[in-house]
Amino acid sequence: MTKGQLNGRLLRWSLAEIRHGKLWPLALALILIIACVFALTALATRMEQVVVKQGKDALTADTVLVSGNPITKPTWQAVNNLPLTTSLLTRFGTMAFSADDKMQLVTVKAVDSAYPLRGEMRLIRANNQVDQHVKPGELWLDERLFSLLDVNVGDRLSIGDADFTISGRVAEEPGLSFNPFQQMPAVLIHQDDVAKTGAVQMGSRVQYQLFVNGSNRAIEALKQQVVLTPSDRWRDQSSTSRTSDVFERTQQYLSLAVAIVIIMAATTLVLTCQHYVASRQQTIAMLKSLGASRTWIVRWLLIQTLVLYGVAAVFGSLVGVGLEMLLRVPLTDMLPNPLPSYGLAPLGFALLTSLLIAIPALGIPLDRLLMIRAAQVMNEGTAKGRKRAWWLALLPMVALIYVYQGNTLIWLVLIGMVVLFILLGIVGLLITKLTNYLPLSPTFKLAIGRLQRSGSASALQFGALSLSLMLLAVMWLVRTDLLADWQQTLPPDAPNAFAINIAPYEKESYLQELDAAHVERSPAYPISRGRLTLINGQNAKERANGREGEDALGRELNFTWGETLPDYNPIVAGSWHAQGAVSVEEDLARDLGINIGDELTFVINSETFTAKVNTLRHVEWRQMKPNFYFIFSPDVMASVPATWLVSFRLSAKDDQLLVTLSRQHPTVSLIDIRSMGAKIEKLLQQIVWSMTVLAGLGVVAGILLIFTLLRLSLSQRQQEIQLYRTLGASRQRVIRTIWAEFGLLALVAGWVACIGADAVVGAIMIYGFDMQPKLHFMLWIVLPIATFAILAVVVSSLLRRLLIPLNKAFS
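In this note's numbering, the protein residues as written are 535 to 1345.
Please keep in mind that the hints were generated in silico from the structure rather than gathered at the bench.
The model shown is predicted, which means the values in this text are computed figures rather than measured ones.
Idealized CB from N, CA, C, for every residue including glycine.
Keep in mind that a hint or two might mislead.
What the hints assert, rightly or not - What follows is a set of in silico ranges between Cβ atoms, one per label pair, in the way DEER data are often shown:
id, residue 1, residue 2, range
1, Gln1190, Val937, 53 to 63 Å
2, Ile1105, Gly688, 49 to 59 Å
3, Glu1097, Phe631, 38 to 48 Å
Stated by the list, open to error - Straight-line C-alpha distance at most 20 Å; calculated EDC-like pairs for lysine to aspartate or glutamate:
id, residue 1, residue 2
4, Lys607, Asp646
5, Lys669, Asp727
6, Lys1146, Asp1132
7, Lys1159, Glu1120
8, Lys1075, Glu1120
9, Lys669, Asp697
10, Lys1159, Asp1019
11, Lys1159, Asp1101
12, Lys1187, Glu677
13, Lys636, Asp697
14, Lys607, Glu754
15, Lys1075, Glu1090
16, Lys1187, Glu1047
17, Lys730, Asp689
Taking the hints into account, I'd like the entire structure generated from these sequences.
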């Protein structure tokens, strides 16, 4: 026989062995690992682009220099000397006058022709033509101003001392950031027209924003050259809208999903290889007894391995491409356009990952298989592999440590797996032993006796099944808890309109208008602006340590006061009493080192006030409700002038109410944020769909693992079942015993997995996502039932083969 004929025959024998050796779970596990790692790695690249794009779109640039003073000449020189693109916005308040002498206080945003550098701005003319940028001499109005001033496109409108012709309406501005205290109806003009308005004078409240686009290196070089004054600060992605937390946590969940899917698929791989080795010991012994050399057997096994890996690589890559496209569908609107290629890196990473897992998973058991002696064809025994083969397990471990060394979530899961695998096996056996004291039928006693006779094997079985169920539950529960938390970003009852600058004399009439229309509203809050200057006599800025502290001390804050605290701000420390007191938001208190009993000093309109801290509050800033860093007792603010704020929720039928309120109270700034709320809601829906697909992928991996585990467990009982039949046990008795044993296994493993899942998810929520954990009571019902359902499918599919007639079994 020629070498080519020998290799051809080896290939045919190898393909036959793959078909009849029940190696399809191994191929499926490899395909799943390659597809998941490829798709999720590619998606992680996409999600990183989403996070970057969302943050920069919210800024309308890569970074922004915000100042209360005009941008200095040295700053402009530094900008011009670097490869940067810039745009300037000047923001100030002034009065707008219509030709009919109607007037309205407005926020003027003077921009140059390059604005916005990022994001989209839509300006609509009378003929529905859409513009993206403002030109000199143009005036664009917020939609609300048309009804407030009773004007139309083409009418004349005076902004300060300058007369303009209304060019059109502002349909959309870039970004999602929102602060109701800093918003009045806005108009857009060009930067060249600021001087002729006469509104920017010495002492005017003006904000200058220099938008900067460029490489990270160029931006860092600019920041190092610019000397900041107390009124200057840089804004970048870390200081933008809190909705960026949604994207960051989605990325964390993505890495967690990748790790859990890999763990479950790798476990499936290991179990299948172990079972294959156990089932092929006699085959190898027979081949050796017939004269097969070690080299021939190595080649035979190597061909099988290469064929399996080759098939898995091809199909895994194809499935991975399709899966990445499926996961990307709901993110289409958020991803950069045109979509950059992710290259070959995800595919290379997926193939390398599967190879690192497959080498020990296949190498160690196959090494043991090669140690089978020819004599074992007559005397079945267990082969002992060489100890040197176990070093292969270091390959995936070293890679895991290198890739995930800084990922808290992954290590929480891995540590939980090691600890809980031991505990789950012990608890599972203890529960079965307790059943000895219960009055059970002979069928259940036989099933429990079977579990107790093989103590170590049963412990391993309980631990493996419980662990797989736990991983499955962890992946789904983390998704559920994250989505529940994100619903707070835009709860169903969130206010979608704010009325600010309500004068004290018109507060009651304004609230009566809302109540008469049966509009759900918040209490009215008095508002005054000021700064925190001292903490126990020490300069507050010296104690700033964190984003909240630096942000709060870098600008004037909005203060409010009242006899009670908002019911949506739970107290986390202290107790409220309205006498010489101030309540502080907990994150700011942590950043500034503020404790209960500290004395704080504030400056409002050049007047100094002091108050003692008696409570710390948790504030959910993502909720679109009036929230404050500091809330005072009324006596502290008795002499402070204030305007009032109220938030309320509008529906489509309330559109006329907005017009009525605007006309009857022209000095009140009415802010309708329904369009922005719809944008955020759409964003969340897209992310929810993506995470649901990810969790569903984990469910597939988990079911494959559980199916493999139960199938192997049932196969190991074949000889024992045949013994029961030989000793006279009826077919029905054997069937009932199998169902009782695996039903008990599902119940115990399911409940123990619930304990482990709640513990691991709680740790992940606390240390991974900085969220409060909670118990999942429905899990304790759903998981055991789902486990038994999967078990029923597996047992039903294999029961017929296990109960073949005795004459066939021994023929």
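How the hints compare with the structure:
no., hint, verdict
1, Gln1190 <-> Val937: 53 to 63 Å, "59 Å, holds"
2, Ile1105 <-> Gly688: 49 to 59 Å, "55 Å, holds"
3, Glu1097 <-> Phe631: 38 to 48 Å, "41 Å, holds"
4, Lys607 <-> Asp646, "18 Å, holds"
5, Lys669 <-> Asp727, "10 Å, holds"
6, Lys1146 <-> Asp1132, "6 Å, holds"
7, Lys1159 <-> Glu1120, "17 Å, holds"
8, Lys1075 <-> Glu1120, "17 Å, holds"
9, Lys669 <-> Asp697, "15 Å, holds"
10, Lys1159 <-> Asp1019, "16 Å, holds"
11, Lys1159 <-> Asp1101, "11 Å, holds"
12, Lys1187 <-> Glu677, "18 Å, holds"
13, Lys636 <-> Asp697, "14 Å, holds"
14, Lys607 <-> Glu754, "19 Å, holds"
15, Lys1075 <-> Glu1090, "13 Å, holds"
16, Lys1187 <-> Glu1047, "15 Å, holds"
17, Lys730 <-> Asp689, "19 Å, holds"
The structure is consistent with each of the numbered hints, conforming to all of them.
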